[in-house]
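**Q** Below, each chain spelled out in residue letters.
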Amino acid sequence: MAMRSISRTALRDIALVCTADAIVGASFGAIAVSGGFEPWVPVVMSLIVFAGGAQFAALGIVLGGGGVVAAVATGLVLNARLLPFSFAVADVVRGRWYGAQLITDETVAFALKGRDARERHDYFWVSGLTLFAAWNVSVVVGALAGAVVGDTDALGLDAMFPAVLLALIVPALAERRVRVPVLAGGVVALAASAVLPAGVPVLLSLLGLLARPKEA
Amino acid sequence: MDMPIVAIVVLAAGTLAFRLAGPLFRDRVRIPPRLEDLLSVAALVLLFALVVTSSFAGWARPAGVLVAGVLAIRKAPFPVIVIAAAATTAVLRLIGVP
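As they're listed, the protein sequences go chains W and H.
For the first sequence, position 154 matches number 154 in this note's numbering, and the numbering has no gaps at all.
Quick note: to get this note's numbering, add 216 to the position in the second sequence (first position is 1).
Keep in mind the hints are simulated off the structure, nothing from the lab.
Please note that a few of the clues may not be correct.
[To be verified] Stretch by stretch, here's where chain W covers chain H in the computed footprint (C-beta under 8 Å, at least three residues):
(1) 227-234
(2) 258-264
[To be verified] Short derived list, chain H residues pointing at chain W, Cβ under 7 Å:
(3) Ser-270
(4) Val-281
(5) Ile-289
Computed from a predicted structure; not experimentally measured.
C-beta: ideal position from N, C-alpha, C; glycine also.
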């Protein structure tokens, strides 16, 4: 794989995203272990699932007492968005099938920045391999740190999980067609969480999709 | 805390199926733009529901999440948002807020 077409700006962008994801990965590992999971759980999950949102979702639901079925179901619905993504970058993955595992929001965004087939290929593979390394190393570090720190609540780490998700979501809320169903789903989940066991309210939030504004 | 390896493997296998669908079926299937849009909005709906349902416990945690929300709306850099949330919650707990 010759990587000639990567510009310095693109490399800097990739490094920034790696840094941000490393912070998230470390907090994922630490939160998992301090919540009572064995360290191998966040580590194995990161290697074979490699999708931060779904990992946090599944773990958060189990930590909240929501049960494994709801956790897996939510993770799968979340990752269903990778289906259209995998069509969008199909050409750059072909021939090296393990590249499919590298399909994430970030790597697809980088690939689609490429102006031609070669740039798309290079952006995808460079961002994918570096992100995979950064994510998994940081999860291991976080899991080890979580085991040492013990009381992560005193450090406010439990606020990190929703904060990370908010930071990921808020930019997309600028669009009304996204904002309306997202807020409606939030209201449904909040109301449902008063009466239903953890995990179910998150899935019920999908009812918010019914509130999607009609295309103009 | 229980997270059976079977559950992790099922999640991983399903996720891999979504990832392989494109390279495998691109020539035969086309994803309708409306489905594509629906799936990406669905992901955002679920993530926000997770924020809402995991934020409310005591006062220190929701306060930290609120700070994160305000910083995110003001387009603060990602590490700043995350660290400010944790710091807010930690400081509030230090002074005795539950």
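**Q** So, for every hint listed, does it hold in this structure?
**A** Now the hints, each set against the structure:
1. 227-234: Since three or more residues must qualify, the claim that chain W covers the stretch 227-234 of chain H holds, with 6 doing so at under 8 Å.
2. 258-264: holds (count 7)
3. Ser-270: holds, 5 Å
4. Val-281: At 5 Å from the nearest chain W Cβ, Val-281/H passes the 7 Å test, so the hint holds.
5. Ile-289: holds, 6 Å
Consistency with the previously given hints is maintained throughout, with no hint failing.
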